[in-house]
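Undergrad: Sequence:
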Amino acid sequence: VSRIGEFNSQAMANTAWAFACVCWDKYNMFVTFGSVIGERLADFTDAGKSQLYLVALHVQLTWPDVDFSLSRHLESLRSAYTRQGSAPSQLQGDVSAVLEQLG
Numbered sequence: 008v009s010r011i012g013e014f015n016s017q018a019m020a021n022t023a024w025a026f027a028c029v030c031w032d033k034y035n036m037f038v039t040f041g042s043v044i045g046e047r048l049a050d051f052t053d054a055g056k057s058q059l060y061l062v063a064l065h066v067q068l069t070w071p072d073v074d075f076s077l078s079r080h081l082e083s084l085r086s087a088y089t090r091q092g093s094a095p096s097q098l099q100g101d102v103s104a105v106l107e108q109l110g
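Numbered per this note's numbering, the sequence shown spans residues 8 to 110.
Misleading hints may appear alongside valid ones.
[To be verified] Label pairs and their in silico Cβ distance ranges:
| no. | residue 1 | residue 2 | range |
| --- | --- | --- | --- |
| 1 | Gln67 | Gly92 | 17 to 25 Å |
| 2 | Cys28 | Thr52 | 18 to 26 Å |
| 3 | Gly12 | Tyr34 | 27 to 35 Å |
Note that these hints are calculated values from the structure, not bench results. This one's a predicted model, so the numbers in the text were calculated from it and none came from an experiment. For glycine and all other residues, C-beta sits at the position ideal for the given N, C-alpha and C.
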């Protein structure tokens, strides 16, 4: 987590999304991700913002009373998500397949 600032924007989105997918319950990690990502949000493509929308929803549902920096960008993240359509990315398919194998 300490090196998240060294990641490119897509790697940040992929990492945050993967932790959200497995319902990682370490709020401090998401706070760190959110603050670094929030500073670089303009660097993200719609695909990355779409993943971040799902991360923001995970945090909002898991910790509803906590102010999460990406929640301030929920409208633009949601717009990116809806522009992406419903087809999962290759990475999402790969992660889903691994999670199914793990049970």
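Undergrad: Taking the Cβ atom of glycine 12 and the Cβ atom of tyrosine 34, is their distance within the range 27 to 35 Å?
TA: Given range 27 to 35 Å: violated, Cβ gap about 19 Å.
Undergrad: Holds or violated: the 17 to 25 Å window for the beta-carbon distance between glutamine 67 and glycine 92?
TA: holds, 23 Å
Undergrad: Is the gap between the beta carbons of cysteine 28 and threonine 52 within 18 to 26 Å?
TA: About 19 Å separates the Cβ atoms of cysteine 28 and threonine 52, which means 18 to 26 Å holds.
Going down the numbered hints, you'll see the structure goes against just number 3.
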